[in-house]
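Construct the complete structure from the given sequences, taking the supplied hints into account.
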Amino acid sequence: MTASSTVASGLSLGLLDAYDSDGFYCEMRDGAALDPRIAQVMARLRQVSPDDLRRRAEIAESELYNLGITFTVYSDRDAIDRILPFDLVPRILTPAEWDHIDRGVRQRVAALNAFLWDIYHDRAILRDKVVPESLVLGNPNYRPEMIGLDVPHRTYVHVCGIDLVRDETGGFLVLEDNARTPSGVSYVIENRHMMARMFPDLFDGIAVRPVGDYGMRLHTALTEIAPSGDAEPRVVLLSPGIYNSAYFEHIFLAREMGVPLVEGRDLTVEDGSVWMRTTAGLAPVHAIYRRLNDDFLDPDVFNPDSVLGVRGLIDVWRRGRVALANAVGTGVADDKAIYAYMPRIIRYYLAEDAILSNVQTNICAEAEGLAYTLDHLHELVVKPVGESGGYGIIIGPRASAEECREFRAKLIADPSNFISQPMVKLSVSPTLMGSRLAPRHVDLRPFAVTGKSTWVLPGGLTRVALREGSLVVNSSQGGGSKDTWVLE
Amino acid sequence: MSQTQSQSQSQASGEALSRRGPILLSRYAECLFWLARYMERVENLARILEVTDTFVRHGADQSGWLSIVQINADEARFLEKHDAVTAESVLRFYLSERDNPSSISACLFAARENARTLRPLISTEMWSQVNVFYNRARELMAGEPRPSDVSQICAFLKEGCQFHTGITEGTLFRDQGWAFYSIGKYLERGDQTSRLVDIKYHTLLPSVTDVGGAQDVNQWHALLRAAAGYHAFRRVYPSGMIPASVAGFLLLNHSCPRSIVQSVHQIETYLTQLGSTYGLTGANRVLEQLDGLRAGVMDQTIDHILQRGLHEFLDWVQLQFLGIAAAIADAFWHSKEDAT
Numbered sequence: 001m002t003a004s005s006t007v008a009s010g011l012s013l014g015l016l017d018a019y020d021s022d023g024f025y026c027e028m029r030d031g032a033a034l035d036p037r038i039a040q041v042m043a044r045l046r047q048v049s050p051d052d053l054r055r056r057a058e059i060a061e062s063e064l065y066n067l068g069i070t071f072t073v074y075s076d077r078d079a080i081d082r083i084l085p086f087d088l089v090p091r092i093l094t095p096a097e098w099d100h101i102d103r104g105v106r107q108r109v110a111a112l113n114a115f116l117w118d119i120y121h122d123r124a125i126l127r128d129k130v131v132p133e134s135l136v137l138g139n140p141n142y143r144p145e146m147i148g149l150d151v152p153h154r155t156y157v158h159v160c161g162i163d164l165v166r167d168e169t170g171g172f173l174v175l176e177d178n179a180r181t182p183s184g185v186s187y188v189i190e191n192r193h194m195m196a197r198m199f200p201d202l203f204d205g206i207a208v209r210p211v212g213d214y215g216m217r218l219h220t221a222l223t224e225i226a227p228s229g230d231a232e233p234r235v236v237l238l239s240p241g242i243y244n245s246a247y248f249e250h251i252f253l254a255r256e257m258g259v260p261l262v263e264g265r266d267l268t269v270e271d272g273s274v275w276m277r278t279t280a281g282l283a284p285v286h287a288i289y290r291r292l293n294d295d296f297l298d299p300d301v302f303n304p305d306s307v308l309g310v311r312g313l314i315d316v317w318r319r320g321r322v323a324l325a326n327a328v329g330t331g332v333a334d335d336k337a338i339y340a341y342m343p344r345i346i347r348y349y350l351a352e353d354a355i356l357s358n359v360q361t362n363i364c365a366e367a368e369g370l371a372y373t374l375d376h377l378h379e380l381v382v383k384p385v386g387e388s389g390g391y392g393i394i395i396g397p398r399a400s401a402e403e404c405r406e407f408r409a410k411l412i413a414d415p416s417n418f419i420s421q422p423m424v425k426l427s428v429s430p431t432l433m434g435s436r437l438a439p440r441h442v443d444l445r446p447f448a449v450t451g452k453s454t455w456v457l458p459g460g461l462t463r464v465a466l467r468e469g470s471l472v473v474n475s476s477q478g479g480g481s482k483d484t485w486v487l488e
Numbered sequence: 001m002s003q004t005q006s007q008s009q010s011q012a013s014g015e016a017l018s019r020r021g022p023i024l025l026s027r028y029a030e031c032l033f034w035l036a037r038y039m040e041r042v043e044n045l046a047r048i049l050e051v052t053d054t055f056v057r058h059g060a061d062q063s064g065w066l067s068i069v070q071i072n073a074d075e076a077r078f079l080e081k082h083d084a085v086t087a088e089s090v091l092r093f094y095l096s097e098r099d100n101p102s103s104i105s106a107c108l109f110a111a112r113e114n115a116r117t118l119r120p121l122i123s124t125e126m127w128s129q130v131n132v133f134y135n136r137a138r139e140l141m142a143g144e145p146r147p148s149d150v151s152q153i154c155a156f157l158k159e160g161c162q163f164h165t166g167i168t169e170g171t172l173f174r175d176q177g178w179a180f181y182s183i184g185k186y187l188e189r190g191d192q193t194s195r196l197v198d199i200k201y202h203t204l205l206p207s208v209t210d211v212g213g214a215q216d217v218n219q220w221h222a223l224l225r226a227a228a229g230y231h232a233f234r235r236v237y238p239s240g241m242i243p244a245s246v247a248g249f250l251l252l253n254h255s256c257p258r259s260i261v262q263s264v265h266q267i268e269t270y271l272t273q274l275g276s277t278y279g280l281t282g283a284n285r286v287l288e289q290l291d292g293l294r295a296g297v298m299d300q301t302i303d304h305i306l307q308r309g310l311h312e313f314l315d316w317v318q319l320q321f322l323g324i325a326a327a328i329a330d331a332f333w334h335s336k337e338d339a340t
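Sequence lines, in order, name chains A and B. Counted from 1, the first sequence has number 448 at position 448 by the numbering used here; the numbering is strictly sequential. Counted from 1, the second sequence has number 106 at position 106 by the numbering used here; the numbering is strictly sequential.
Incorrect hints may appear among the rest.
[To be verified] Covered stretches of chain B (chain A as the covering partner; in silico rule of three or more C-beta atoms under 8 Å from a C-beta of chain A):
1. 25 to 31
2. 107 to 119
3. 122 to 132
4. 139 to 147
Hint data in this document are derived by calculation from the structure and do not stem from the laboratory. A quick note: this is a predicted structure, and the numbers were derived from the prediction, not measured. The beta carbon of each residue, even a glycine, is placed where N, CA and C say it ideally should be.
Right, here's the structure in full:
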């Protein structure tokens, strides 16, 4: 690269010259004080001209389209590819920060699995009244079909994504657990590839922990839960098909694992086993990484109208003739209402305090929580417990009096459907906006893979809310993503 | 399937894994077959449109446009949307009209959706090229093509298909998937060549008195160019342009990459490979089906074919290709039961 293309001219403003993180914790500026390598990256960014960064960002965007790192929106006669916007300024974590997250995530996954085993077997935690029985047994995601069923290594949540945010002090807090079919891991790896192509100069001399072995780790975990007896168990990824918005990720993971991506119509149950239709006839299947919700898995057991699943699959699974990841019925554990009890659940099963704290949470199903929420609506974030993707949320401090009044009525009508939390002052990361870097709020979703034991991908998906001041990072609501570096 | 069968099959497929390479999902085999067919169809259609545009547009006789509609058996659908057969209406019908399933636009869309399904299997380069090709082609074909644009659009389309062919040759893993892809490609190519030759005999030659006239020779040139065979033909037949030798060249020449004989030979080779190398016994049934076509084209002379009627012969060839495609579907992806 020539000096002229990268060094900001004296006349124009540099990328970071007007940057002000405005009282929020800044992943770059505050990080630079913790690790000289973050300071080094920041110094390098100062040397990049806005035009140069803009140009690289444009190339990156067209590459995402051309490579098909996209989700597809189908209209009646066409298929329009959309990309998840990608920002070229990385989010960097120090070794100490990562160690904390890694331990915290593994602890949380262990507690989630212990909790799931318990509620589908002894129900000790309900008997001991640590978690209200009605919250669990009355939960629509509690699956009676799971009662008494033993899963290999007592692992229910093989792939877990735990959403973390940082508050203004720089401390990490858990915002949400995703224990069903969390997505986004493909972007973690593709973002790294993209950075290596677009910004190799930013990495110079800085050792970043690799993320490329996720597929192998996932494959290993799946072979660990496959029925024993087959020397080389056959693993498949079960996808709803090309119309699913996460189809790119399904492709990505099938490729990285080196296994077939199958749809329900490719599988059949015969003689108590699961088979796939190949050009040579039926071939046995031993482990299924399914990216299909519980409801659609098996029309015999769940939604009878599902054409995406496989008739008889659950019966084969219950007999231990095929492995399913994640297990059925994990949705009860990542429910927003259960979330409030996670610190107590961790203490109950592991006799440890939570390494990663929750955001303080008021449960509106409880009189005390509801009263507090109603009194402090203007300063709280209130979320419906059953929704995902950031839908149905009200952010008190940002809502109009009219919106608050409407929401109050909804809340009183069905309080058990809501929890509330104080508004966390999410950390920010410098993000390219036009021709300068501006602070934008970010979160972090680390991914944990569990077969016999738990491994956490060193990195995770950093999502960024691209709209100024916005706290909603979801891709469906104007979010983008960044490469996440964990320093060696 | 009984318990014992399934157990023995399980062992057999274990062996197959080590000796014959990875198993292939039926759906992927079908998509590979169709990806190849659609790309080949786009290339052939682009060739026909380009040659017709160059050699027919400015002549007094516009029947060349009609013949494209006729050989694709699209008359009814075409007349629903267009009042008259003109260069413009035929070009629009075959370039950009998505309602027309035999348009280049529709074929490219289908190719891309097949490629999308195949993304777990094919190289990133292969997918990326089809994806970018589709998007650029759509932009290029949007709106009314100006007469001066047609040859450029067709050149772009041909080049895109050839780019696809090259990337596929260079990156597609050589397991049974390659055989299914290749069978699809040669089946489509043979079928398209039969249609191309049919254009000439079906409609371009209204009366015997035209034979050998300037216009006639011009049209034979066009035909050869559409099949990328003009210069090769000149080398094989340096003197003269007897219609029979052109037809013979495109149908029966073993070295012509687009001849029917070459297609049949390639299909046979890959079907045999599916049977012997990959142990797919379903291939034997398709090979039996292929026998009829092979007997009908190998060791034939063009004079013999012309005596019996070229158009009738080409019709029969097309029916044979249809039958083979159906036999392949039955053997490898429609059968729900154990194929062995």
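Hint check:
no., hint, verdict
1, 25 to 31, "holds (count 5)"
2, 107 to 119, "holds (count 6)"
3, 122 to 132, "holds (count 5)"
4, 139 to 147, "violated (count 0)"
This entry does not satisfy hint 4, going by the numbered hints stated previously; all others are met.
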